[in-house]
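Engineer: If you want the building blocks of each chain, they are given just below.
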Amino acid sequence: MSDLDRAIAQLRACRLIPESQVRELCYKARELLIEEGNVVCVDAPVTICGDIHGQFHDLMELFRVGGDVPDTNYLFMGDFVDRGFYSLESFLLLLCLKVRYPDRITLIRGNHESRQITTVYGFYDECIRKYGSANVWRYCCEVFDYLALGALVLGASSGLEPTGPALETTSSTMSLDDSELETEVLNSRGEVTMSSYRPKQPRTDSPLLPSLSQDKSATSSTTQTPASSMPPLRSGWAGTGATGDSSGSYATGTGAVLCVHGGLSPLIDSVDKIRLIDRKQEVPHEGAMCDLLWSDPDEIDGWGLSPRGAGFLFGGDIVKHFNYKNDLSLIARAHQLVMEGYKEMFDGGIVTVWSAPNYCYRCGNVASILELGEDASNGGTVARSNGEYGRSNGGAAGAAAVTRSPGRRYRVFEAAAQDTRGMPAKKPVADYFL
Amino acid sequence: MALEVQPPSDRKRVKVYELRDNDWFDRGTGFCTGQILDDEPRIFVESEDEPNRVLLETKISKDDGYQKQQETLIVWTEPNGTDMALSFQEAEGCAVIWDFVNNVQQHLLSLAPGDALSDEIESYQSIMLPAPELGNLPEIDHIMRTSSITQAGRDALSKLVIRDEYIPKLIPLVSMAEDLESLPDLHRLCNIMKSLILLNDNTIIETVVTDPVILGVVGALEYDPEFPTHKANHRHYLADQTRYKEVVPIKDPLIRRKIRYTWRLQYLKDVVLARILDDPTFSVLNSLIFFNQVEIVNHIQSNAQFLKELFTVFDPRNADNKRKEDAVQFLHQCAVIAKNLQAPARANLFANFINHGLFAVIAFAIKHPKPPLRTTGIDLLVSLLDHDQIMMRGYMLKAVSEKKTPLTDTLIDLLHTETDLGVKNQLADAIKVLLDPQIPMPDAMARAGPEHFNKPRSNIFSDTFVQNHFDESARRLFWPLKRLENSDNLNDLTFQDVTLYSHLVDILTFFVRQHLYRSRNVIHDESLAPRVAQLLTVPQKHLKLTALKFFRTLISLQDTFYQAMMTRNNTFGLILDIVYQSMPRDNLLNSACLELFEYIKRENIKPIVLHLVEKYGEQIKNITYVDTFQTLYLRYEQLQGYGAEEADSTLYSQEEELPDQRMQANGSRWQGVKEMDAAEEEYFNTSDDEEEWQQDPQQNTAISAHPQNGAASPVVKPLVDYPDDDDEDDAMDTKAEDQTQPKQESPSQDDPSRDTTMDSSEEAPSTPVSLTIQTPPERLSEKRRREEEDDDELMKLTTGPKRRSSVNAGSGSAGLLRRKRSVSIGSLSSNEKGSTLGNTTTSAAPKRIAINLGSATVKPTDTAVDKTSNEKENRDDNHDSQGG
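One line per chain: the protein sequences are A and B, in this order.
For the first sequence, full-length UniProt numbering assigns the number 1 to the initial residue and increments by one for each residue that follows.
For the second sequence, full-length UniProt numbering assigns the number 1 to the initial residue and increments by one for each residue that follows.
Isolated chain A (complex conformation) (with noise of 0.2 Å):
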């Protein structure tokens, strides 16, 4: 496949390839679309990306942080395009790296992945500026119909169903850690199974705030601070619930992380509701494909009307029940700008990660990535990248690692460097008559 090979490393220094490999890469990704279910079923270790927006070297930028692809497993949670001044090198180059190595990048749709949606906010108009006619933007959103709606992080080792001796065994493993390691194992834990380890939360963060508070090169974390330092007292409340059913088939926790690029649907109480949705459309108005990719969460009880005009606004409740029923430790998902470049609410049940930093180019925003270890669901071995954990513990990554808890590392960043992407701009229109 030299000829993919040759497209990626041209699409990587930002020059686009011919409006014929353009067809042809995109009926390539369809045939290997077309197999992946509404919901891919991804193993951890992967690193979960929020919206890129066409901005190319910010999204470069992203891949000098977070490893290179073959290397490193990327999920992408939508919005690729619109906005940025780069969307097509930046989804040819993702859709690209998509065929050459499809088993280390997944792509899911976002609201943006849409015919409608690029018309009015600057991919169609890239596209006709930059190929001369609307074709490309054709070939594009055929492909966008084809993209999968969620994705499935499992542990490595651990199935769908996990089990009690998986709990054991990641008890096990948490006493070979370190203290501080085992503090960070258990707040995540905690927030998966809150009636077994509750008891353990107050330990849990007496050690994990002064560390937060003492990374001075990430001063976002601080701001997360009085979050983090929520999920014991609320968790407390949830978790009296919770400790009525533990007796129950409940009891067990798994590390199952749903993305998705908006959030949750009130006609979606499962994740395999998700799968009879016939996905292969445009994205409509309303209903279940329209909420995944289009609703937020807020800081109201149950459901609400989204400012947006499309979606719902969702609850802690109804995160915390779907958590619950579906054994996801955590939803992730993008969609929504957040000047830390992530966000986590409802005890940490849901987070929101944004990776395009210094958004349209004047939002002063950073950006970040989240990175699932292999241990992140009761995988029961010790991964490799819990060495890691504790080296950018250490405050040593100056570059800006934030790490909250095991199985869900941030990294923080900003903005490509100038001398890296050259000025931003759009490309002029070659000849005109008028």
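Don't read these hints as lab results, they were simulated from the structure.
Every value quoted in this text rests on a predicted model; they were computed, and no experiment measured them.
There could be a bad hint or two in this list.
Derived pair list, reagent style DSS-like, types lysine-lysine, alpha-carbon separation capped at 27 Å [as the list claims (entries may be wrong)]:
no., chain 1, residue 1, chain 2, residue 2
1, B, LYS482, A, LYS130
2, B, LYS258, B, LYS324
3, B, LYS404, B, LYS482
4, A, LYS130, B, LYS541
5, B, LYS541, A, LYS28
Model the placement of chain B on the given structure of chain A, informed by the hints.
Structural biologist: Positioned in the frame of chain A, the structure of chain B alone reads:
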């Protein structure tokens, strides 16, 4: 001169920050007071820990840019250039100090010389720009920056700049600074130009693009201090005269100039300023461009001589092919511009073009050997179709009645032979629209432009005539599909074949959905359904999907004719084969099949359920990995009159979640549907008006509960509560009814003109918030449907229901989109408040801060500053929330 301003008496707790090396340095926490010492108003902050230590003492001067950010932050620049910030613990304390600062400044301004005049003059005179010399650049930059902060300052500055013709005076400085290779000066000039353009004044922007000025302006803008190591090439691009192509010379110098200016404005908007444009300036640029274009287009179409010359280019005797191609491009650009014009102006333009022979041009282009030109030709055609498809169909039918080859035939032949896939795609779209004979005349009347009265209308042709033409064209169009009958082996289709078939099936699906009767003849006479069914067996999965979609659409029509057709053939057998083939895997094809059967189950489509179980019972029974098929089986048993009890127990064992009273309720309700079937079917057959379905609030739940597929399917039969719904849903349903939710909805239904935003914000509180988890607010989706009805009819016409579900609603919700944009750029939902605040600050502050730094130090970048300041602010928020 005594100050009458009363300083605030009590002390406000505050943190003092100073910007050092791009970082907000915390000077400490203390108590802030406003004082007047020696007749000079000052702000004092005394340290909290050591009461005698003064953390800050600053004199309030009249022209310093104090800014209040968020609720608790005051930011300003000290006379020595240091950026300072006070972060108050309480919003109230901040407000008090802020009032004090404001009062003092107003007071000082009123004391300024020449104060007896009006406000406008006063602020006007308070701004003086030093002579435009290199040495004064720092001061000019500073003045522009500070006066840009307030609206009054901006107005005053704009006036001053225009009156003094300041911009042309700045231009020589650019080359001067370049000659001196003085980068700091160039950076300052760049900042000054940015400030001037962002003043957002029409006159200034118009000045900027004039001949003597433009190159200097973009020259300065090439040295962006945010990219100190880069220099752009704007002058090179704009100075290149060859970019302007003239097919037929435009003689009017005014128009020629307008064309040039418009091009420069576009370049400014898209390239030079793309990163820094704020919304107001963006819209000013856009409207300037728009008005210019209106004038240009008007000039062109009223210039008969010009048009004549233009269209004679296409004279077959003319051998200059390059010129022809350029002329096509020219017309295409006109059409693109016309899209933005108002309907009457656009109608005039197109009518004018058509009279001069636009169709011949299109015919020339779509047969051109170069694919890009074919694309352009079809684009031209599509813009005509977008504009008025009734008119276009009128022309086409006229041609038929005059025994000429209609455009459709040409297009169809091209579709069959076209090898460029992009062009093929467009051809298919154009054919869809042209052959769609569903003509809603009232809409056309509503939209009628001046051409309405003198153009051939389709209604002058009898319905039989239209039907005949449709049948004939369709026969021609679907001929390759019909040809499939004789081919047993579909395993070696060429790539071109596959593309063609998928386009044809797609068009057929569109026809079927768009109108119930018109396409029946063709489907029946040509027996197209079995041919499509054949395609279910091809190895190309996307073609399978397309074929599947066709049958899914047929099912959703709930039309006995199509149902019979599907049950007579082995269609479901083939679909079940796909399920079996893809079963262990979770993939798109599998999901699409499941969705189809889910729909049948949900809608309880009796004939199909009966057919399925009776003919494929074994197969269905054996699919157990989802409960869809088991439920279908159950439905069948219920249909056969087996007691609900039995069904209950079976179902119970499979779906533990079902409370059994639900089941019984469902069973009895279902009987009701059975009785209604005939009547409803009749109804569906006679009407595809979705709107009527909205009248019944009872149906909302179902409508919005299952909309994701074929959201456009006109028939949603929502009268049943389904046993497959999970218990929470059911509990919810009841709950909602208890709360008389439908009643709440009716006002918004009755008033479709109300804005959705209003609706959502007003109604949000009334969202039933219950502990049962799944209580989706239903109104919004419903609202959107209403909006679709009020939509731009054009969109409705150009797009089929499939696309309508998105495109049409999209057009209806252009407002929604715009709202969405503001949501995601500017403000975020309330849970994001922390970041929103930070964000709003950045959108307001960073521009200034960036400029600030530009003049202070060259090195820093705005990104870094933005980030740090944001973080700081966010942290403060946290402090506050913790403290409070």
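Engineer: Hints broken by the structure, by number, lowest first?
Structural biologist: Violated hints: 1, 4; rest satisfied.
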